[in-house]
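Enquirer: Going by my numbering, the sequence shown runs without a break in its numbering and finishes at 131.
Note that these hints are calculated values from the structure, not bench results. All C-beta atoms in this analysis are idealised placements derived from N, C-alpha and C, irrespective of residue type, glycine included. Among the hints, erroneous ones may be present.
Per label pair, the in silico range of CB-to-CB distance [to be verified]:
#1 T35 - W88: 36 to 44 Å
#2 G109 - S89: 37 to 45 Å
#3 N84 - I104: 39 to 47 Å
#4 S89 - T44: 25 to 33 Å
#5 Y68 - L30: 44 to 52 Å
#6 F54 - L95: 46 to 54 Å
#7 W88 - I55: 42 to 50 Å
#8 G90 - G126: 21 to 29 Å
#9 F54 - D78: 47 to 55 Å
#10 R36 - G90: 53 to 61 Å
#11 G126 - D78: 50 to 58 Å
#12 R37 - G71: 28 to 36 Å
Listed next, the in silico SDA-like pairs over lysine to any residue satisfying Cα-Cα at most 25 Å (straight line) [as the list claims (entries may be wrong)]:
#13 K125 - Y113
#14 K96 - N84
#15 K125 - G115
#16 K96 - V108
#17 K96 - G115
#18 K125 - L112
#19 K47 - S70
#20 K81 - S70
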Amino acid sequence: MSFFDWFAGNNQTQEEAQANINRQAAALQAQDTRRLASGEITQTKVDSDNRFISTVGGAESVQNAYLSGFGEGLNDGAKNVNSAFWSGIGNALKIVPTPVWIAAGVGLFLYMGGGVWLVRKSKGVLAKP
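Please take these sequences and the hints and turn them into a complete structure.
Expert: Given below as structure tokens:
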């Protein structure tokens with residue numbers, strides 16, 4: 003049992019799924035033949051249905067399409083959450099004016115010992131001939 007089967011609740015084997023697809027395609031072709039003979043549909047509609055049937059590659063392509071769509075939806079959801087988070091952070095940062103951010107940065111630098119470091123650096127540079 004694959005992850006797809008477990009996640010989707012599918013308990014068919016690959017052969018059963020392919021047989022189901024083939025049975026549905028044959029039923030559609032029989033229905034189209036009957037409706038064409040009675041004049042309900044045109045040959046263009048029959049050709050369109052036949053093209054659709056030929057594009058369905060079987061159970062494996064259905065599984066791949068499902069997993070591809072699931073991955074795409076997961077990526078889109080993550081992008082939406084990420085976008086909302088960063089736009090919220092950006093809006094919060096825009097509330098405070100730039101000079102206040104600069105003053106806060108300088109204040110944090112001095113609070114963390116930057117002033118002492120600058121004094122020591124300047125004494126070391128000035129003491130050397």
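Enquirer: The structure should be examined with respect to each hint, and the outcome stated for every one.
Expert: Evaluated hints:
1. T35 - W88: 36 to 44 Å: Hint violated: Cβ distance 57 Å, outside 36 to 44 Å.
2. G109 - S89: 37 to 45 Å: Distance hint for G109, S89 is violated at roughly 28 Å.
3. N84 - I104: 39 to 47 Å: violated, 28 Å
4. S89 - T44: 25 to 33 Å: violated, 52 Å
5. Y68 - L30: 44 to 52 Å: violated, 21 Å
6. F54 - L95: 46 to 54 Å: holds, 52 Å
7. W88 - I55: 42 to 50 Å: For W88 and I55 the Cβ distance comes to about 46 Å; the hint holds.
8. G90 - G126: 21 to 29 Å: Taking Cβ atoms as reference, G90 and G126 lie about 45 Å apart, which means the hint is violated.
9. F54 - D78: 47 to 55 Å: Taking Cβ atoms as reference, F54 and D78 lie about 27 Å apart, which means the hint is violated.
10. R36 - G90: 53 to 61 Å: holds, 59 Å
11. G126 - D78: 50 to 58 Å: Taking Cβ atoms as reference, G126 and D78 lie about 56 Å apart, which means the hint holds.
12. R37 - G71: 28 to 36 Å: holds, 31 Å
13. K125 - Y113: Distance ~20 Å between K125 and Y113 Cα, so the pair holds.
14. K96 - N84: Holds, because 18 Å separates the two Cα atoms, which is no more than 25 Å.
15. K125 - G115: Holds - the C-alpha atoms of G115 and K125 are around 16 Å apart, at most 25 Å.
16. K96 - V108: The given pair, whose Cα atoms are some 19 Å apart, holds under the 25 Å limit.
17. K96 - G115: Roughly 28 Å between the alpha carbons, so the hint for K96 and G115 is violated.
18. K125 - L112: Cα-Cα ~17 Å, so holds.
19. K47 - S70: violated, 29 Å
20. K81 - S70: Given that 25 Å is the threshold and the Cα spacing comes to 17 Å, the pair holds.
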